[in-house]
Amino acid sequence: MKSYKWLLPIILLGLWILIYFNLQLVTNWLIDDIFKLTQGKHITDALRFFIFEVPKVLLLLVLIIFVVGIIRSFFTPERTRKALEGRSLFTGNIMASMLGIVTPFCSCSAIPLFLGFVESGIPLGVTFSFLIAAPMINEVAVILLFGMFGWKVAAIYIGTGLVIAISAGWVIGRLKLEKHVESWVYEIKADHAEGEEEKIRLTDRIQAGYTAVKEIVGKVWIYIIIGIAVGAAAHGYVPESFMANLMGKSTWYSVPLSVLIGVPLYSNAAGIIPIVSVLIEKGVPLGTALAFMMAVIGLSLPEMIILRKVLKMRLLLTFVGVVTIGIIIVGYIFNTIY
Amino acid sequence: MEIKILGPGCAKCKTLDKLTHEVVEKNGIKATIIKVEDIMEIIKYGVMSTPALVIDEKVVLKGRVPSADELKQLLTK
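First to last, the sequence lines map onto chains U and X.
Each residue of the first sequence is one higher than the one before, counting from 1 in this note's numbering.
Each residue of the second sequence is one higher than the one before, counting from 339 in this note's numbering.
If you are wondering where the hints come from, they were derived from the structure by calculation, not from laboratory data.
What you are looking at is a predicted structure, and each value in this text was computed from that prediction instead of being measured.
Ideal placement from N, C-alpha and C gives every residue a C-beta, glycine not left out.
Worth double-checking, as some hints may not be accurate.
To be verified - Derived lysine-lysine pairs resembling DSS-like cross-links, with alpha carbons at most 30 Å apart: (1) U/K309 / X/K356; (2) X/K373 / U/K5; (3) U/K214 / U/K152; (4) U/K312 / X/K356; (5) U/K189 / X/K364; (6) U/K219 / X/K368.
Unchecked claim - Computed list of chain U residues with no C-beta within reach of chain X, every gap over 12 Å: (7) M98; (8) L115; (9) G150; (10) V185; (11) I188; (12) A233; (13) W252; (14) I280; (15) I306; (16) K309; (17) V310.
As the list claims (entries may be wrong) - Computed, partial: chain X to chain U, Cβ under 8 Å: (18) G366; (19) A369; (20) M386.
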């Protein structure tokens, strides 16, 4: 039985490679030989795009989520906290932002996590770096950007997300806003007895990979299909100039405007991708589109309401303000470079 | 035996609560199940990722929902 558990992922990986690298072939065969669609027509192109992209992005998603699930079984919030204890401000900000990417995080755990960090003496600014990076640099967002716009866009997203998390956390740390955390937070005495850490075997980690795929892919697949369908349909059908005029490069206020629209909105990473793909398709510059996306998934009204329990209004507004400004700056920089 | 489910009310916390009730009933385990939603209480257990499962004041699981089999093992140990 033991060897079987080892074998399964390897067989699946083989299958994955076989399918992934033959997708274009199968798509062309379906479009040209089975449906016999006229080449060069809009509908043919749209269909070809859809039939190719949906399995491609889903395959990428399954593989990477599986790997991420395994990686995450090595990073618990407790371990992350331990790694951050006693770090100086700047180093702490960098580490917290990077750990924010790999540590399992769900916005419903934001409060226990915040309290756990602050209670063990991790500086406020470092804690914020973690809280900014964790939701914003989301694995689903990264995979989708990679699948639909290529590795450069995905890398830009991770890089700028890190820069925002590090610098925003650092700024908040320098502002010395500790007294604007609700005072009861400092009175908490938590149980620090580590207890025995759960023994995790390799098979458990592989299982964690399967669980992650089931949970995440099970939740987001529908958004991806919709996103690609919208992308395929919009291809050439909406007047190009409409969006481009509204959010285009020439309008200086396009970045702040899209960020301000994005901040109160909340969507999971998968839900926002369809919109971003349409925006980019319609000539909205990359920086503006990415800034909008970061604003939507990085900051949200529900999260603010949760955080209000532990942060006084002034600190909460500072947090939102600093992150918003960071996103806007990043948006401008990218519009200038690209 | 006293079982506590720690969780401020997210989807996974509800799943764990339901699963625990099911496993306890199915196996005839004598236990009281308490759902703890107060964040102050949760923090006292040193838990940073919810849901968490506490058996007789000891945290045995945190941050995930176990399978029914695993949960049964934890509860009958």
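Hint check:
Straight-line distance between C-alpha atoms of U/K309 and X/K356 comes to about 27 Å, which keeps the hinted pair within the 30 Å bound. Our distance criterion of 30 Å between C-alpha atoms is broken by X/K373 and U/K5, whose separation comes to about 36 Å. With a CA separation close to 28 Å, the supplied pair U/K214 and U/K152 stays within the 30 Å bound. Between U/K312 and X/K356 the CA atoms are separated by roughly 35 Å; this puts the pair beyond 30 Å, and the hint is violated.
Restraint check for U/K189 and X/K364: not satisfied, since their Cα atoms lie roughly 37 Å apart, outside the 30 Å limit. For the hint linking U/K219 to X/K368, the alpha-carbon distance of about 35 Å lies beyond 30 Å, and the restraint is violated. Its beta-carbon lying about 18 Å from the closest one in chain X, U/M98 satisfies the requirement of being farther than 12 Å from that chain. At the 12 Å boundary, the C-beta of U/L115 falls inside the reach of chain X, the nearest C-beta of that chain being 5 Å off.
Look at U/G150: its CB is around 34 Å from the nearest CB on chain X, clear of 12 Å, so calling it non-interface holds up. Under the 12 Å C-beta cut-off, the non-interface status given to U/V185 relative to chain X is violated; the minimum distance is some 9 Å. The beta carbon of U/I188 sits about 6 Å from the closest Cβ of chain X, which is not more than 12 Å, so the claim that it is off the interface is violated. With a least beta-carbon separation of about 32 Å from chain X, U/A233 lies farther than 12 Å from that chain, consistent with its non-interface assignment.
Once the 12 Å rule is applied to beta carbons, U/W252 is consistent with being away from chain X; the minimum gap is 41 Å. The claim that U/I280 lies off the interface holds: its Cβ sits roughly 32 Å from the closest Cβ of chain X, which is beyond the 12 Å cut-off. Listed as a non-interface residue, U/I306 fails to keep its Cβ farther than 12 Å from every Cβ of chain X; the least gap is roughly 9 Å. Once the 12 Å rule is applied to beta carbons, U/K309 is inconsistent with being away from chain X; the minimum gap is 7 Å.
Under the 12 Å C-beta cut-off, the non-interface status given to U/V310 relative to chain X is violated; the minimum distance is some 9 Å. Because the closest C-beta pair between X/G366 and chain U is about 27 Å apart, greater than 8 Å, the hint is violated. The beta carbon of X/A369 is not positioned within 8 Å of any beta carbon in chain U (closest approach about 20 Å), and the interface hint is therefore violated. Interface restraint check for X/M386: the shortest CB-CB distance to chain U comes to about 4 Å, inside 8 Å, so the restraint holds.
Comparing the model with each earlier hint shows violations of hints 2, 4, 5, 6, 8, 10, 11, 15, 16, 17, 18, 19; every other hint is respected.
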